[in-house]
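Construct all of the structure, not just a fragment, from the sequences and the given hints.
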Amino acid sequence: MTLLVLEDGTAFAGKALGAGGEAHGEVVFSTAMTGYQEMLTDPSYAGQVLVLTYPLAGNYGINREDVESKRIQVRGLVVHEACDLPSHWRAEMTLHDYLASQGVAGISGVDTRALTRRLRSAGVMMGTITSDETADEALARLRSLPPYGESDYVREVTAEKPYDWDGEPGLPAGRGKPQRQVVVMDTGLKYNILRLLRDRGCRVTAVPCTTSAEDILSLKPDGIVFSPGPGDPALLDYAVATVKSLVGRVPVLGICLGHQLLGRAFGAKTFKLKFGHRGANHPVKDLLSGRVHITAQNHGYALDADGLSGGVEVSQVHLNDGTVEGLWHPSEPLLSIQYHSEASPGPLDNVYVFDRFVQMIEEVA
Amino acid sequence: MPEPTYRQATADDAAGIAAVGAAVIDELGEGSGLPGAMTAGDVAERIAGYSGKGAMFVCAVDGGVCGFAALEPEPQEEGCAVMGVWLLPSARRKGIGRELALMALEFARNAGYAKVRGTLPAGNEAALAFFSEIGALAQVVAGGMQYELPL
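So the sequences go chain by chain: D and S.
The opening residue of the first sequence carries number -13 in the numbering used here; numbering runs sequentially from there.
The opening residue of the second sequence carries number -1 in the numbering used here; numbering runs sequentially from there.
Please keep in mind that the hints were generated in silico from the structure rather than gathered at the bench.
Check before you lean on any hint, since a few could be wrong.
[Unchecked claim] Mimicking EDC-like on lysine to aspartate or glutamate, the simulated pairs with C-alpha atoms at most 20 Å apart in a straight line are:
no.: 1; chain 1: D; residue 1: 1; chain 2: D; residue 2: 70
no.: 2; chain 1: D; residue 1: 1; chain 2: S; residue 2: 28
no.: 3; chain 1: S; residue 1: 113; chain 2: D; residue 2: 97
no.: 4; chain 1: D; residue 1: 1; chain 2: D; residue 2: 152
no.: 5; chain 1: D; residue 1: 1; chain 2: S; residue 2: 123
no.: 6; chain 1: D; residue 1: 147; chain 2: D; residue 2: 118
no.: 7; chain 1: S; residue 1: 92; chain 2: S; residue 2: 70
[Unchecked claim] Some chain D residues flagged as far from chain S (calculated, every beta-carbon gap over 10 Å):
no.: 8; residue: -2
no.: 9; residue: 120
no.: 10; residue: 165
no.: 11; residue: 333
no.: 12; residue: 345
[What the hints assert, rightly or not] Which chain S residues face chain D? A few, computed with CB under 8 Å, are given here:
no.: 13; residue: 23
no.: 14; residue: 30
no.: 15; residue: 131
no.: 16; residue: 136
Where is the CB? At the ideal position from N, CA and C, for every residue including glycine.
What follows is the structure, encoded as structure tokens:
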């Protein structure tokens, strides 16, 4: 018997999935119906226990191609049903085996819709998966742990040293001969950002989050991307300082956490959302074109537009709660989005953002 | 073990229910979740007083009652019922509690209740697993857990 116990004392019992043992973190839910492998390996989930609202996971197995980073990044996984007989021509192992192979604990057999309702009404909170304790014991341990918002997870997931993107081992690097140099500040990037830039003729170099602005500029970038990533952006003053030093010198694109860092660089503050935006069908309105985009999202914090200064304007808003989803500058080559134009998982409707970024680079060059 | 049979309880089951209740109180004391010792007469009176808003259900093996479920209106909240399931030690871990709970929940739905509440003793993870599976939210409290199940 495996338990999931939340900080408020809510308890669920289920079956062990993956490595067994204990896992704790901020419990968050995603409403995406597919893409569990991309979600598991998304660095933005560092420090979190992921709940898949959709009731079936693992049905198309695990393959070599659909990873978004070097390893599983979630602390734990909660599903209703984990399929142990996957069917897909690319499948190489089961979800259970994948989690077990990387020492990640999970739980199946939980009514994830009931759990989602709980998190939606009470807000995200810390939780633990455990196979070795009673609910009482797990709750006592959980309440002694530091809260999610106190840790800088970016430093845990960032690249150890700069690297050029040549694709994953054994897989194609991308189409076309590289024309432009793009540097990606890795605060928890997903590989699909690198793939999509490479596909658009960019030579891509990823650098650690602590790289100085001078060192980034020494790579002679035609454009800079501030990547997505985990945790509270209010803890990342060092990254905000780097962003501030780079804005206005080359075209920049901020995605998710990168968007929040850009907003902070222009004076805005961030705040924690009650239960975050995580899923593959979030509607976002582009205020400039009037168009609505269906977007992939994964963030627990948002920008407060009130403090924005320096000519930056809100370009997009979330249609469910009105939060800021994009920034632009009328006269500077600057663009940012709170959602994930790289999808993985989710709709590819918004890869046009990368086209716009490359166009911005071409116009400045 | 002989095949268990299940039915909605009548006054004829009162003595069997009272005996199961007494055995559980002997074993668990205040942690039993029962309001106190009940005679067969108390049980019969309770069943007669439900008038369609509550019921008891029993499981019998070899003609003897080995467990029961009770569903009664929650006096503090309109549309809410309180449910409990009690089994002799020999009847546990056999799926009997689950069957009795499902019968009581079916009754609650048909009686128009919107949700059901109850308590689980500490350490009864099998019961927690059952309620988790059917969508209940259980809360750790001193000495056990309380659950609430929307219907």
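Taking the hints in turn, this is what the structure says about them:
1. Distance restraint check for residue 1(D) and residue 70(D): the Cα-Cα separation of roughly 13 Å lies within the 20 Å cut-off, and the hinted pair is therefore satisfied.
2. Of the pairs offered as hints, the one joining residue 1(D) and residue 28(S) is violated, with about 31 Å between alpha carbons and a cut-off of 20 Å exceeded.
3. Among the hinted pairs, residue 113(S) with residue 97(D) is consistent with the structure: their alpha-carbon atoms are about 17 Å apart, no more than 20 Å.
4. Simply put, residue 1(D) and residue 152(D) have alpha-carbon atoms about 40 Å apart, too far for the 20 Å limit, and the pair is violated.
5. Only pairs whose Cα atoms come within 20 Å are accepted, and residue 1(D) paired with residue 123(S) is accepted, the gap being roughly 11 Å.
6. As the CA atoms of residue 147(D) and residue 118(D) are separated by approximately 38 Å, the hinted pair breaks the 20 Å bound.
7. Between residue 92(S) and residue 70(S) the CA atoms are separated by roughly 25 Å; this puts the pair beyond 20 Å, and the hint is violated.
8. With a cut of 10 Å on Cβ distances, residue -2(D) falls inside the contact zone with chain S, its closest approach being about 4 Å.
9. The Cβ of residue 120(D) does not lie farther than 10 Å from every Cβ of chain S; its closest approach is about 6 Å, which violates its non-interface assignment.
10. Remark: the non-interface label on residue 165(D) is consistent with the geometry, its nearest Cβ contact in chain S lying 55 Å away (cut-off 10 Å).
11. Residue placement check: residue 333(D) keeps its beta carbon more than 10 Å from all beta carbons of chain S (closest about 30 Å).
12. Distance to chain S confirms residue 345(D) as a non-interface residue, since its nearest Cβ pair spans about 50 Å, more than 10 Å.
13. A hinted interface residue such as residue 23(S) counts as satisfied when its beta carbon comes closer than 8 Å to some beta carbon of chain D; here the least separation is about 23 Å, so the hint is violated.
14. With a cut of 8 Å, the hint placing residue 30(S) at the interface with chain D is violated, because the nearest CB-to-CB distance is about 19 Å.
15. Satisfaction of the interface hint for residue 131(S) is found here, the shortest Cβ-Cβ separation to chain D being roughly 6 Å, below the 8 Å cut-off.
16. With 8 Å as the threshold, the beta carbon of residue 136(S) comes within range of chain D, its nearest partner Cβ sitting at about 5 Å, so the hint holds.
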